[in-house]
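Each chain is listed here by its residues.
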Amino acid sequence: MSAKLNKYLKSYTEAAPLAVFRICFGVMMFISVVRFWLNGWIEKLYITPKFFFSYYGFEWVKPLGNYTYLIFAICGIAALLVAVGYKYRISILVFFLSFTYIELMDKTTYLNHYYFISILSFLMIFLPASAYFSLDAWKNRKNAFQKIPAWSIDAIKLLMATVYFYAGIAKVNSDWLLRAMPLKIWLPAQYDLPFLGNLMQQEWLHYAFSWSGMLYDLLIPFFLLWRRTRFVAFLVVIIFHVLTRILFPIGMFPYIMIVSALIFFSPGFHHRILNFISRLFHINKSVFDNGKKLVYNGIKRKAILAILAVFFIVQILFPWRYLLYPGELFWTEEGFRFSWRVMLMEKVGYAQFIVEDKDSGKRFYIDNGQYLTPFQEKQMSTQPDFILQYAHFLAEEFREKGHENIEVHVENFVALNGRRSRKYIDPEADLLEYEDSFRHKTFILPFNDEIKGI
Amino acid sequence: MKRITGILLVFTLVFAACSKDDEGGSINPNNFDRQGMLANWADNIIIPAFSNFKNSTQDLEDKTTAFTSDPSEANLAELRAAFETAYLDFQTVSMFEIGKAMEINFRHFLNTYPADASAIEANIAGDYDLTSVNAYDQQGFPALDYMINGLGETDAEIAAKYASEDYKTYLENLASRINSLTAEVNSSWQGDFRDQFVNNTSSSSTGSIDKFTNDYIMYFEKFIRSGKIGFPAGAFTGTPSPGNVEAYYSEDFSRALYIKALESVQDFFNGKHFGSSETGKSFSQYINYMQPAMETENLASQINAQFDAIISQAETLNESLAAQVQNDNSKMLAAFDELQKAVVLLKVDMIQVLYIGVDYVDSDGD
Chain A
1 MSAKLNKYLK SYTEAAPLAV FRICFGVMMF ISVVRFWLNG WIEKLYITPK FFFSYYGFEW
61 VKPLGNYTYL IFAICGIAAL LVAVGYKYRI SILVFFLSFT YIELMDKTTY LNHYYFISIL
121 SFLMIFLPAS AYFSLDAWKN RKNAFQKIPA WSIDAIKLLM ATVYFYAGIA KVNSDWLLRA
181 MPLKIWLPAQ YDLPFLGNLM QQEWLHYAFS WSGMLYDLLI PFFLLWRRTR FVAFLVVIIF
241 HVLTRILFPI GMFPYIMIVS ALIFFSPGFH HRILNFISRL FHINKSVFDN GKKLVYNGIK
301 RKAILAILAV FFIVQILFPW RYLLYPGELF WTEEGFRFSW RVMLMEKVGY AQFIVEDKDS
361 GKRFYIDNGQ YLTPFQEKQM STQPDFILQY AHFLAEEFRE KGHENIEVHV ENFVALNGRR
421 SRKYIDPEAD LLEYEDSFRH KTFILPFNDE IKGI
Chain B
1 MKRITGILLV FTLVFAACSK DDEGGSINPN NFDRQGMLAN WADNIIIPAF SNFKNSTQDL
61 EDKTTAFTSD PSEANLAELR AAFETAYLDF QTVSMFEIGK AMEINFRHFL NTYPADASAI
121 EANIAGDYDL TSVNAYDQQG FPALDYMING LGETDAEIAA KYASEDYKTY LENLASRINS
181 LTAEVNSSWQ GDFRDQFVNN TSSSSTGSID KFTNDYIMYF EKFIRSGKIG FPAGAFTGTP
241 SPGNVEAYYS EDFSRALYIK ALESVQDFFN GKHFGSSETG KSFSQYINYM QPAMETENLA
301 SQINAQFDAI ISQAETLNES LAAQVQNDNS KMLAAFDELQ KAVVLLKVDM IQVLYIGVDY
361 VDSDGD
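Note that the protein sequences, when read in sequence, are chains A and B.
Here the UniProt record's numbering is used: the first residue of the first sequence is 1, the next is one more, and so on.
Here the UniProt record's numbering is used: the first residue of the second sequence is 1, the next is one more, and so on.
Same shape as in the complex, but just chain A:
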């Protein structure tokens, strides 16, 4: 086994697929940043709100007022530099840091896909993506290599496969497969789609989409890996993601996933892409085809492989952390984020906070609209860590107004996947008695239903 592994780790492959991946990734990220900016979302999501929800342990990461635009600008420029492969290692590092900083500024905007970009760009810091067909390689022929260790391409495949497969496992649950939830809520609302509108009302279609979505996620990595099914699998990737783009507001991500799936194709295919780009921009591609192998020296190689090993062990184990919490995962959401649970839930909530001054006996009902944007309010009212953080924020606000001895309670109702709303947080609990932590939040009321699944 270890001999086999050793042999694998010493095998080499063409660098072209990684170069194509780098270019596509950089371009896509640049477009994403520009699109985000043009849609006015920087202002709306990071400048307008008065209060931001932090990830536990990252409370120090906040938007920087108008300088927030600068972070986006840096992120966009870094993405372009990654695409052309100029000072690659620094560029991808800057991209990773700026992108991740943006994501950490407010967890209201958390999306699995953004998390995917963050960890993918982290992974790319350690991959020799500029060894081939890059400005770095062009300017310094010493650092140009046509061949790179096979693991550096397989790492990306493994990450993509993990994302798909875990997303598939998460769909193996009774709400998704037996109740066709939440598609049964989402699809009928697409009644005005041309041609498909009426179809979207059909119950059999909700089940068909649920089951095929589950099978797609579970199987697609394997069909992409296998040479004989790869082409058909890629067509399915395109159809699947274009369909999700039509049905749901998921922005750039379908395109990013489609383009990323190209990594599974053979080097010959990627050479054809690069030939095309070369002709388009009059680049002499033959300069890069030098037959040289990138061989890392012992320490560097060991260090990189160790980092990748730890990275993947974490990636493979982290989504299972929910097993350490009691209660229903979909209800408590403890261990829900960062585990590739994509489009699994339709949750709506309503949270009426009450601040009580114990000295004067006065009770204040809170109008959330005074402090939160509608988007923040929507996210806050169904997730306990948001609720807790907001309660502490309200306490601060009222302490500043001179109320010293206070309690914060919430009357909170949540409806999950078409079930009738029920009380979510214990209204008797004084939320100020709890601090955010990774421990189970005991103020969450039980779900009183069961969602079977892994």
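If you are wondering where the hints come from, they were derived from the structure by calculation, not from laboratory data.
Incorrect hints may appear among the rest.
Subject to a maximum C-alpha distance of 35 Å in a straight line, what follows is the list of computed DSBU-like cross-link-like pairs (lysine-lysine) [unchecked claim]: (1) A:K358 - B:K341; (2) B:K222 - A:K378; (3) B:K341 - A:K452; (4) B:K222 - B:K211; (5) B:K331 - A:K362; (6) A:K362 - B:K260; (7) B:K222 - A:K423; (8) A:K441 - A:K7; (9) A:K7 - A:K292; (10) B:K222 - A:K401; (11) B:K100 - A:K44; (12) B:K222 - A:K362; (13) A:K401 - B:K331; (14) A:K362 - A:K292; (15) B:K260 - A:K378; (16) B:K211 - A:K44; (17) A:K4 - A:K142; (18) A:K378 - B:K331; (19) A:K50 - A:K292; (20) B:K341 - A:K401; (21) B:K281 - A:K441; (22) A:K358 - B:K100; (23) A:K378 - B:K100; (24) A:K285 - A:K139; (25) A:K44 - B:K341; (26) B:K222 - A:K50; (27) B:K222 - A:K62; (28) A:K423 - B:K281; (29) A:K285 - A:K7; (30) B:K100 - B:K341; (31) A:K62 - B:K211; (32) A:K423 - B:K100; (33) A:K358 - B:K168; (34) A:K378 - B:K211; (35) B:K260 - A:K423; (36) A:K378 - B:K281.
These figures come from a predicted structure and were not determined experimentally.
Once you have looked at the hints, place chain B on chain A.
Positioned in the frame of chain A, the structure of chain B alone reads:
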């Protein structure tokens, strides 16, 4: 969540899914006629309600001129009656803050309370601009209420105030502004806006159903729950303030306005035609169409039951909500709690079943 090994589960699920088919489909395969619902809203509820309200505001203006040309106590009584009718009728249209009404801030200009009495007095004595957004609380029904009920202890005292031309002019301006704003909204519904509204069946956040549903729920939460009950009861400040009730100077009128607003909201929910007992396509039918079959409890009837509960609680309140706040505020807080239950049903359960997006959230999902 039960942890079961993957493969075993998949097989179990396949079997379970097959056997479940026999129970039959839950969602009616025929598409719900959303345009028909919009047409029912527009043609049988909104437009007749506005044209009825327009008649009332016209009458209000006429009675105002009659009073200012002869400020007698008898004319004051007539004016008051017209005021009460118009104010009650306003409760049947206030929830329709969409299109022209939204564009011109109809609700704010007609019904921002409490009225700012000292600003009104300053206006009467000097210059003013009622079209300014800073002048919301110096006009509309609350200002009119002050002008015909709050200027003195007795009717004779109030009528006597109208010896002054400045008072006359201000009163006339108030009444004619209510009438002209109403005319503007009414004629937009009589004109192009009706078709625009009914034909905009898009499912996006700019579609009529989506937009109106958001407005409807917001109206219930902010303008009925908070405005009519929450603020006077001091729910948001901890200090009851009877001065915040609607129609403060009319004394025994605020409960009637509250109940009229509640009934209008419930009638709309059930698609009840304005001024008739007939019903048409409505939220309640739409919910029944969209509600997944596995939910045994009928959401629409649950919402109706909650509306009923609110109204019957409202009937136990003092005719003057200000007096209710002063004498036994706990009943006001009880009203707030009943309203709150309906807010949850509308804002959580109904929104989920109809899958209506929250206002202005248009960023990406995943």
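Hint by hint, here is what the structure shows:
1. Taking the CA atoms of K358 of chain A and K341 of chain B, the gap is about 26 Å. The hint holds against a cut of 35 Å.
2. With a CA separation close to 17 Å, the supplied pair K222 of chain B and K378 of chain A stays within the 35 Å bound.
3. Taking the CA atoms of K341 of chain B and K452 of chain A, the gap is about 30 Å. The hint holds against a cut of 35 Å.
4. For the hint pairing K222 of chain B with K211 of chain B, the CA-to-CA distance comes to about 16 Å; that is within 35 Å, so the pair holds.
5. At roughly 17 Å between alpha-carbon atoms, K331 of chain B and K362 of chain A fall within 35 Å of each other, so this suggested pair holds.
6. Only pairs whose Cα atoms come within 35 Å are accepted, and K362 of chain A paired with K260 of chain B is accepted, the gap being roughly 31 Å.
7. Straight-line distance between C-alpha atoms of K222 of chain B and K423 of chain A comes to about 22 Å, which keeps the hinted pair within the 35 Å bound.
8. For the hint linking K441 of chain A to K7 of chain A, the alpha-carbon distance of about 48 Å lies beyond 35 Å, and the restraint is violated.
9. For the hint linking K7 of chain A to K292 of chain A, the alpha-carbon distance of about 19 Å falls within 35 Å, and the restraint holds.
10. Between K222 of chain B and K401 of chain A the CA atoms are separated by roughly 24 Å; this keeps the pair inside 35 Å, and the hint holds.
11. At most 35 Å may separate the alpha-carbon atoms for a hinted pair to count; K100 of chain B and K44 of chain A meet this at roughly 26 Å.
12. Distance check on the hinted pair: K222 of chain B and K362 of chain A sit about 21 Å apart at the alpha-carbon level, within 35 Å; holds.
13. For the suggested pair K401 of chain A and K331 of chain B, the alpha carbons sit about 28 Å apart, so the restraint of at most 35 Å is met.
14. Taking the CA atoms of K362 of chain A and K292 of chain A, the gap is near 77 Å; set against the 35 Å cutoff, the hint is violated.
15. About 31 Å separates the Cα atoms of K260 of chain B and K378 of chain A, which keeps this hinted pair within 35 Å; it holds.
16. Proposed proximity of K211 of chain B and K44 of chain A is supported: the alpha carbons are some 20 Å apart, at most 35 Å.
17. With a C-alpha separation of about 31 Å, the suggested pairing of K4 of chain A with K142 of chain A holds against the 35 Å cut-off.
18. Distance restraint check for K378 of chain A and K331 of chain B: the Cα-Cα separation of roughly 31 Å lies within the 35 Å cut-off, and the hinted pair is therefore satisfied.
19. Simply put, K50 of chain A and K292 of chain A have alpha-carbon atoms about 55 Å apart, too far for the 35 Å limit, and the pair is violated.
20. For the suggested pair K341 of chain B and K401 of chain A, the alpha carbons sit about 30 Å apart, so the restraint of at most 35 Å is met.
21. Restraint check for K281 of chain B and K441 of chain A: the C-alpha separation of about 44 Å exceeds 35 Å, so the hint is violated.
22. Annotation: proposed proximity of K358 of chain A to K100 of chain B is violated, straight-line Cα distance about 47 Å (limit 35 Å).
23. A threshold of 35 Å between alpha carbons decides the hint, and for K378 of chain A with K100 of chain B the separation of about 28 Å falls inside it, so the pair holds.
24. Between K285 of chain A and K139 of chain A the alpha-carbon distance is near 13 Å, which keeps this suggested pair within the 35 Å criterion.
25. Taking the CA atoms of K44 of chain A and K341 of chain B, the gap is near 31 Å; set against the 35 Å cutoff, the hint holds.
26. Between K222 of chain B and K50 of chain A, the direct Cα distance comes to roughly 21 Å. Compliance with the 35 Å bound is thereby established for this hinted pair.
27. Proximity of K222 of chain B to K62 of chain A is assessed by CA-CA distance (about 31 Å); at most 35 Å being required, the pair is judged to hold.
28. For the hint linking K423 of chain A to K281 of chain B, the alpha-carbon distance of about 31 Å falls within 35 Å, and the restraint holds.
29. At roughly 30 Å between alpha-carbon atoms, K285 of chain A and K7 of chain A fall within 35 Å of each other, so this suggested pair holds.
30. A distance of roughly 31 Å separates the Cα atoms of K100 of chain B and K341 of chain B; the hinted pair therefore holds under the 35 Å criterion.
31. As the CA atoms of K62 of chain A and K211 of chain B are separated by approximately 33 Å, the hinted pair is consistent with the 35 Å bound.
32. Pair hint K423 of chain A plus K100 of chain B does not hold up; C-alpha atoms about 39 Å apart against a cutoff of 35 Å.
33. For a cut-off of 35 Å, the pair hint linking K358 of chain A to K168 of chain B is broken: about 51 Å separates their Cα positions.
34. For the given pair, K378 of chain A sits about 17 Å from K211 of chain B by alpha-carbon distance, which is consistent with the 35 Å threshold.
35. For the hint pairing K260 of chain B with K423 of chain A, the CA-to-CA distance comes to about 31 Å; that is within 35 Å, so the pair holds.
36. For the hint pairing K378 of chain A with K281 of chain B, the CA-to-CA distance comes to about 29 Å; that is within 35 Å, so the pair holds.
Checked against the numbered hints listed earlier, the structure breaks hints 8, 14, 19, 21, 22, 32 and 33; every other hint is satisfied.
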